[in-house]
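These protein sequence lines are chains B and D, in that order. This note's numbering puts the first residue of the first sequence at 205, with every later residue one more than the last. This note's numbering puts the first residue of the second sequence at 205, with every later residue one more than the last.
Hints were generated in silico from the structure; no laboratory data involved. On a predicted model such as this, the values are computed, not experimentally measured, just so you know. Treat the hints loosely; a few may be bogus.
Any copy, or any two copies together, can satisfy a pair, since identical chains are not distinguished.
Calculated pairs, SDA-like style, for lysine to any residue (alpha carbon to alpha carbon, straight line, at most 25 Å) [as the list claims (entries may be wrong)]:
1. Lys476 x Pro561
2. Lys424 x Lys476
3. Lys476 x Gly519
4. Lys308 x Asn318
5. Lys568 x Phe588
6. Lys449 x Ala262
7. Lys424 x Glu441
8. Lys424 x Glu215
9. Lys568 x Pro297
10. Lys568 x Ala433
Protein chains: 2
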Amino acid sequence: MRLAVIASGDELTTGAVTDENSAWVSDRLLAIGGETVLHLTVADGIDPLIDAMNLAAARTRFVIVTGGLGPTADDLTRDAVCQALGVGLVENPAARDRLHAIFKMIGREMTGNNRRQAMIPAGATLIRNPIGTAPGFAIEYAGAAFYFLPGVPRECRLMMEESVVGMIAAAAAEPAAFGVRLFRTFGMTESALDQELSAVALPPGVRLGYRAVVPEIHLKLYGRGADGATVEAALNEAAARVRAKVGGVIYSEDGRSLEEVVLDLCRARGIKIALAESCTGGLVAKRLTDVAGSSDVFDRGAVTYSNRAKTEMLGVPAELIREHGAVSAPAARAMAAGLRERSGADLCLSITGVAGPAGGTPDKPVGTVHIALADAAGLWDRRFLFARAERAWVRDLTAQAALDLIRRRILGLEI
Amino acid sequence: MRLAVIASGDELTTGAVTDENSAWVSDRLLAIGGETVLHLTVADGIDPLIDAMNLAAARTRFVIVTGGLGPTADDLTRDAVCQALGVGLVENPAARDRLHAIFKMIGREMTGNNRRQAMIPAGATLIRNPIGTAPGFAIEYAGAAFYFLPGVPRECRLMMEESVVGMIAAAAAEPAAFGVRLFRTFGMTESALDQELSAVALPPGVRLGYRAVVPEIHLKLYGRGADGATVEAALNEAAARVRAKVGGVIYSEDGRSLEEVVLDLCRARGIKIALAESCTGGLVAKRLTDVAGSSDVFDRGAVTYSNRAKTEMLGVPAELIREHGAVSAPAARAMAAGLRERSGADLCLSITGVAGPAGGTPDKPVGTVHIALADAAGLWDRRFLFARAERAWVRDLTAQAALDLIRRRILGLEI
Numbered sequence: 205m206r207l208a209v210i211a212s213g214d215e216l217t218t219g220a221v222t223d224e225n226s227a228w229v230s231d232r233l234l235a236i237g238g239e240t241v242l243h244l245t246v247a248d249g250i251d252p253l254i255d256a257m258n259l260a261a262a263r264t265r266f267v268i269v270t271g272g273l274g275p276t277a278d279d280l281t282r283d284a285v286c287q288a289l290g291v292g293l294v295e296n297p298a299a300r301d302r303l304h305a306i307f308k309m310i311g312r313e314m315t316g317n318n319r320r321q322a323m324i325p326a327g328a329t330l331i332r333n334p335i336g337t338a339p340g341f342a343i344e345y346a347g348a349a350f351y352f353l354p355g356v357p358r359e360c361r362l363m364m365e366e367s368v369v370g371m372i373a374a375a376a377a378e379p380a381a382f383g384v385r386l387f388r389t390f391g392m393t394e395s396a397l398d399q400e401l402s403a404v405a406l407p408p409g410v411r412l413g414y415r416a417v418v419p420e421i422h423l424k425l426y427g428r429g430a431d432g433a434t435v436e437a438a439l440n441e442a443a444a445r446v447r448a449k450v451g452g453v454i455y456s457e458d459g460r461s462l463e464e465v466v467l468d469l470c471r472a473r474g475i476k477i478a479l480a481e482s483c484t485g486g487l488v489a490k491r492l493t494d495v496a497g498s499s500d501v502f503d504r505g506a507v508t509y510s511n512r513a514k515t516e517m518l519g520v521p522a523e524l525i526r527e528h529g530a531v532s533a534p535a536a537r538a539m540a541a542g543l544r545e546r547s548g549a550d551l552c553l554s555i556t557g558v559a560g561p562a563g564g565t566p567d568k569p570v571g572t573v574h575i576a577l578a579d580a581a582g583l584w585d586r587r588f589l590f591a592r593a594e595r596a597w598v599r600d601l602t603a604q605a606a607l608d609l610i611r612r613r614i615l616g617l618e619i
Numbered sequence: 205m206r207l208a209v210i211a212s213g214d215e216l217t218t219g220a221v222t223d224e225n226s227a228w229v230s231d232r233l234l235a236i237g238g239e240t241v242l243h244l245t246v247a248d249g250i251d252p253l254i255d256a257m258n259l260a261a262a263r264t265r266f267v268i269v270t271g272g273l274g275p276t277a278d279d280l281t282r283d284a285v286c287q288a289l290g291v292g293l294v295e296n297p298a299a300r301d302r303l304h305a306i307f308k309m310i311g312r313e314m315t316g317n318n319r320r321q322a323m324i325p326a327g328a329t330l331i332r333n334p335i336g337t338a339p340g341f342a343i344e345y346a347g348a349a350f351y352f353l354p355g356v357p358r359e360c361r362l363m364m365e366e367s368v369v370g371m372i373a374a375a376a377a378e379p380a381a382f383g384v385r386l387f388r389t390f391g392m393t394e395s396a397l398d399q400e401l402s403a404v405a406l407p408p409g410v411r412l413g414y415r416a417v418v419p420e421i422h423l424k425l426y427g428r429g430a431d432g433a434t435v436e437a438a439l440n441e442a443a444a445r446v447r448a449k450v451g452g453v454i455y456s457e458d459g460r461s462l463e464e465v466v467l468d469l470c471r472a473r474g475i476k477i478a479l480a481e482s483c484t485g486g487l488v489a490k491r492l493t494d495v496a497g498s499s500d501v502f503d504r505g506a507v508t509y510s511n512r513a514k515t516e517m518l519g520v521p522a523e524l525i526r527e528h529g530a531v532s533a534p535a536a537r538a539m540a541a542g543l544r545e546r547s548g549a550d551l552c553l554s555i556t557g558v559a560g561p562a563g564g565t566p567d568k569p570v571g572t573v574h575i576a577l578a579d580a581a582g583l584w585d586r587r588f589l590f591a592r593a594e595r596a597w598v599r600d601l602t603a604q605a606a607l608d609l610i611r612r613r614i615l616g617l618e619i
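Please work from the sequences and hints to get the whole structure.
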């Protein structure tokens, strides 16, 4: 099941915008057994697009095309398809009605250009766009099945999920069902995971893939079989075997991010969190509050970048910092304990470290990080060394490690 | 000067990784007059790469190829080139010496696979890799000039800057010099900027481009002329005219980010900053501390997400919050003033707002944000309404507006 993805638009070929649709579409179709062999990105225009369509059709059976369906003069995808096939544009009644409804809702006059968005090449099948004005369409050309979608990532993705994935699966007509399972992990390297899991016997039809999404590793199980029930059973079996080996580092199986998992765990238990951050400078607080509704759980953060702030905001004794240094286990513990005393939050986490590039010493090289946790049951601390990492990496790894420590503490895993 | 960019690698076609090199390379070559008409991404393998090379050479004069130069078995770019041209691999003495030096430095044994990295196709010109083990090379094929570079973005970019841009400019042999100026702006939309600047007469050979890099707009002046001095003079003249029209929203002309500009302005004046963030949840502190050396300037931050935290950490009276609400000008002012009193920092900024999606009211819809500034000279506040924006946008726009207010306050611009 060979596929190609074409992206169209001057903003992509000139490099003003990075094309993220092609990778997303390919990754999505991998889950139904699609093998993408070619991405093509071409400038706006009829000739470049027809050229790309011919190249793709000569090499693959299915082609997804994104971009060029908007209302402006440089949106020429419809015209290119008409010219390639020698057909005209026809108004699609469903698309027209939807367009009228949208313009009525937003109270704007519809221009002739807008009206063009309800027209698709004769013989094409409409692909509904549930959130935008530009519908997509599917049509056969030069021996390949083409699916045309808007370039707006949110629309493209939704229409893939809602329509195109199913259309391709049906058209591929392979006597097979597909399934995929995603495990998000943190705490083991890709090679360490591979070493653990290479010994795991996977059921027939299941294969395992890795993807480094710094600072995480995502594991994916791809299942393929005669029917849905067989694939489900095989994936369940494989998932159980993976969990048995590396379950502790798997923090989500449903796509949730680590901050979402932490917030959900806390919310379910009525736990309020407070943070004291030094080297991460607010990054952990930022990540938690990226999530809507985090105010249920997240009470406050103290970004104590200077030593004086550690003393004034958290009550860390100045003499403790003088004796042990601001980057030390005693300082981290005093930060977490002081924050708990002052905030009354159930679970307080503190971070102090050397993010670099400057500030490292032989004893405490760049990448040295101390994290402490305080709750009603006690006070814990851990030292990390994120060696040979750039500043941004040290900070990202530290924030991830901090969130994972909260998760592990709440679940009663080793910290 | 038509160009194509080829990216090679299974991790790209399967969508495991998004190709960022092609957009970067295209954008970089635009500055020397290069017009990229095609991006091609192909899977690992000799045949796919030769296919892509033929497609690119038939359509363009210059082709940049990234990826497939590493030491492993699926790094087949060298072999594809040899097969396409019917030549063999030869060891390059400079590349071999460099490889030996690297392996000596890191104290590892060199394997046969590593040794292959010092070999390039016969007749090719070496392109030095100053930071990695895989050198690149340039060679003519099928009427086009090809430049092969590693897929590692940092290596690819450095080798473009250090070698390939100059090689292409020389090979293009157009009797022209090129130059580019970048203005980073915040505070006007792309269409507002366009309206102001479309009336500006630009000197001959200079054109103006826009690029939205949310939440900023980048302006670029592209200059082209008979020689370097002419281009410089024309760009200087154009830059002066742009500054005269929209100087207030230009925050950097040297590529520095807004946080770097703010830190540099403060450092030069010995100003210490403290932050009190509610709806941004630490995002502004995170951005400032992304920059190495920010501890000179940034003293502390209070992420006061709950109302109690605003009272306990900043001394905002509970009755003030009850009367005006936590999202209000009085609350923002009390946060900034309270932080200044407690921290002693020279300049204190506070943020309180409704990031959404929940929490909006008819009076204070989602996107309502109050920012206040306190320094020795007084206390200011501003209200923003980032309407119809998603949570992440509200937060990003707010953080940007906050940093820009600090910049404007320090420079004595209207706030």
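Each hint tested on the structure:
1. Lys476 x Pro561: between (34 Å within a copy, 21 Å between copies)
2. Lys424 x Lys476: The answer is neither: 33 Å in one copy and 48 Å across copies each exceed 25 Å.
3. Lys476 x Gly519: both (20 Å within a copy, 21 Å between copies)
4. Lys308 x Asn318: The answer is within: 13 Å in one copy meets 25 Å, while 65 Å across copies does not.
5. Lys568 x Phe588: For Lys568 and Phe588, only the intra-copy Cα distance (11 Å) is at most 25 Å; the inter-copy one is 44 Å.
6. Lys449 x Ala262: neither (45 Å within a copy, 52 Å between copies)
7. Lys424 x Glu441: Close inside one copy (14 Å), not across copies (56 Å); limit 25 Å.
8. Lys424 x Glu215: between (33 Å within a copy, 14 Å between copies)
9. Lys568 x Pro297: Result: close neither inside a copy nor across copies, 69 Å intra and 40 Å inter.
10. Lys568 x Ala433: Intra 55 Å, inter 51 Å, cutoff 25 Å: neither.
In summary, the structure is inconsistent with hints 2, 6, 9 and 10 from the numbered list given earlier, while agreeing with the others.
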